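As they're listed, the protein sequences go chains A and B. Mapping of the first sequence onto the numbering used here: position 106 corresponds to residue 106, and the numbering continues sequentially without gaps. Mapping of the second sequence onto the numbering used here: position 16 corresponds to residue 16, and the numbering continues sequentially without gaps.
What the hints contain is simulated information worked out from the structure, not anything from laboratory work. The structure displayed is predicted, hence computed values, not measured ones. Even for Gly, the Cβ is constructed at its ideal location relative to N, Cα and C. Just so you know, not all the hints are guaranteed correct.
Unchecked claim - Selected chain A positions facing chain B (in silico; Cβ < 7 Å):
| hint | residue |
| --- | --- |
| 1 | Gly27 |
| 2 | Val28 |
| 3 | Ser43 |
| 4 | Pro44 |
| 5 | Val49 |
| 6 | Arg71 |
| 7 | Gly72 |
| 8 | Ala75 |
| 9 | Arg77 |
| 10 | Ala90 |
To be verified - Listed below are several chain B residues computed to face chain A (Cβ distance under 10 Å; list not exhaustive):
| hint | residue |
| --- | --- |
| 11 | Ala4 |
| 12 | Glu8 |
| 13 | Glu18 |
| 14 | Thr23 |
| 15 | Gly90 |
| 16 | Ala93 |
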Amino acid sequence: MPDVQTLGEFEQIVLLAILRLGENAYGVTIREEIIARTEREPSPGALYVTLDRLEEKGLVRSQFGDPTPQRGGRAKRFFSVSAKGVESVARAQRSYQRLMKGLKLPGVAHA
Amino acid sequence: MRNAQLAEWILSLVTSPERAAATVGDLMENASELGMFWLGVLRTAGSLLWREFAEDPANLMGLAFRGFLLQFALLLAFFALFLIPVGLAGLIAGLFWNPTANIFDFSVFATVGQVLGIGLTLLVSFQVGRWMARRSPGRELAPVIAFTILDFAISSAAGMIFLRQDTLSQFLLSLVLGFVWSALFQIPAFAGAVWVRTKQTPR
Numbered sequence: 001m002p003d004v005q006t007l008g009e010f011e012q013i014v015l016l017a018i019l020r021l022g023e024n025a026y027g028v029t030i031r032e033e034i035i036a037r038t039e040r041e042p043s044p045g046a047l048y049v050t051l052d053r054l055e056e057k058g059l060v061r062s063q064f065g066d067p068t069p070q071r072g073g074r075a076k077r078f079f080s081v082s083a084k085g086v087e088s089v090a091r092a093q094r095s096y097q098r099l100m101k102g103l104k105l106p107g108v109a110h111a
Numbered sequence: 001m002r003n004a005q006l007a008e009w010i011l012s013l014v015t016s017p018e019r020a021a022a023t024v025g026d027l028m029e030n031a032s033e034l035g036m037f038w039l040g041v042l043r044t045a046g047s048l049l050w051r052e053f054a055e056d057p058a059n060l061m062g063l064a065f066r067g068f069l070l071q072f073a074l075l076l077a078f079f080a081l082f083l084i085p086v087g088l089a090g091l092i093a094g095l096f097w098n099p100t101a102n103i104f105d106f107s108v109f110a111t112v113g114q115v116l117g118i119g120l121t122l123l124v125s126f127q128v129g130r131w132m133a134r135r136s137p138g139r140e141l142a143p144v145i146a147f148t149i150l151d152f153a154i155s156s157a158a159g160m161i162f163l164r165q166d167t168l169s170q171f172l173l174s175l176v177l178g179f180v181w182s183a184l185f186q187i188p189a190f191a192g193a194v195w196v197r198t199k200q201t202p203r
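The following block holds chain B by itself, in its conformation from the complex (with noise of 0.2 Å):
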């Protein structure tokens, strides 16, 4: 059954194989529909990643302090390395630009630098999500909640120090809004730290 197999390869991410194929097999006898068997293989899913979270939280929010600087600081050199140089050539470009004979299409430099810029943000944020699974061998996709806590609260206390919100209804919509962006901005970090635990050996 395609979906049981799905099931089973989400649950082994965060357990081991056996343990995921039995707890798929109670799954199947409980649910009597798909979507509870879903729900229940998700939630299932969501208890043991956070319960490998829990176990260690210290250790793991200062891994993720780590992958933070570092996810800073090669954004910092990519940016130095490519997209100042788009923006050089744009700007060697623009000396040479005549109106009349419009030869140059800026709008081509700026395409190119947003492309890059969202292509750089997206692999280098996949390489931290490596790198903090290597280092947290057998709970590799811990990491990667700790580092959205952590994304989340330097996000919410940049958002409370240089944004206003009048009302509590505002803030409280800034907040959720906040937490629900510092996740979607995981999932390169998370594709990577599957990467890593796919090719681990078995726990």
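In isolation and in its complexed conformation, chain A is listed as follows (with noise of 0.2 Å):
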């Protein structure tokens, strides 16, 4: 059995919003792109509690970018998910689809 991590459905937005923004996925670009694609508002302390629990559980990684005047300075930490969560996340999902496959749910409609 591989050593991949069970997930939480927010841990696997976070982890599938880092993977969309590519290099720019810092505390700010993450919380926006949750919102634009959920729809859901993650609060601040939420989103930087789970990104500290994904980072200890080796399935993202972070480091400090350079500081910026715009920020008074302080330097943006930047995310990226590391290959034990990307096997994470795609496990999760695999199961999500295995789970939805042949399923009709009343009122909605599938692609």
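The task is to assemble the complex, starting from two chains supplied on their own in separate frames and drawing on the hints.
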């Protein structure tokens, strides 16, 4: 059995947002991406706690950029998804797809 | 910006200074109003603090229980050392009291006793906060959360046993007030934990 972490729903959303953003994934853009794609507005606290937890699990990595004057000389903390993180989110998504396959939800249009 | 420095200091109590600075930068970028900025800072600090507690609640509750026993023992010891002598002095003074001469003002003894009692309670709470924080390196503030929960649970249990609430609303009100009181009572302990945290090497 490979070392793949079980993910909660919000953890998957954060991982997918980071993957979508590529090299420009930091707190502000991750939150904006989540709002734009899911129409849910996570609190900053929930987002940073989740990012820290994902980093401790080894699913994301973070590094500090250069300080910028727009942020009062404060650096951005950029995030990237590790190979383990990619595998974990892919596995979770496959599970969802297997569960959904052949299932017709009443009132929901299927692609 | 003075506000941002204060926000950074608050967040550095629950995360590393580098992460605190980056988070404040994000919140400055995000928040268009000062109120939103501070709401973001406090919510983030609260979430990170709660996470520190939720990572290891059993050990932290154990530490809080030992802190509770230490607080009880210290208060008992201080009571014996300071308040009993003050009471005895008042008693002795009373023996020599002459109502016509009126040379003793007994309200002085009561005031001294009250000031000593409040001061010692605050000092003990502060020291217990420091004691717990030193035993929880890396998450110095989390034991105070555990302590607040324990204090609330004990005072609520005592309230349910000894105080009679006739209606559900009275019961709920007493729970809410009890929690607020428990949280306020932990301010000196929280200050003690902050004291230790600011003296520790950054994580």
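Structure-based check of all given hints:
1. Gly27: 4 Å, holds
2. Val28: 5 Å, holds
3. Ser43: This hint holds: Ser43(A) lies near chain B, its Cβ roughly 5 Å from the closest one there, short of 7 Å.
4. Pro44: The hint holds - Pro44(A) has a Cβ within 7 Å of chain B, the shortest such distance being about 5 Å.
5. Val49: 5 Å, holds
6. Arg71: 4 Å, holds
7. Gly72: Nearest chain B Cβ about 5 Å off; hint holds.
8. Ala75: With Cβ-Cβ at 6 Å, under 7 Å, it holds.
9. Arg77: Holds - the Cβ of Arg77(A) comes within 7 Å of chain B, reaching about 4 Å at its closest.
10. Ala90: At about 26 Å, which exceeds the 7 Å cut-off, the nearest Cβ of chain B leaves the hint on Ala90(A) violated.
11. Ala4: 5 Å, holds
12. Glu8: Status holds, d = 8 Å.
13. Glu18: 6 Å, holds
14. Thr23: Nearest chain A Cβ about 6 Å off; hint holds.
15. Gly90: 52 Å, violated
16. Ala93: Violated, because the Cβ-Cβ distance from Ala93(B) to chain A comes to roughly 57 Å (cut-off 10 Å).
Violated hints, listed in ascending order, are 10, 15, 16; each of the other numbered hints is respected by the structure.
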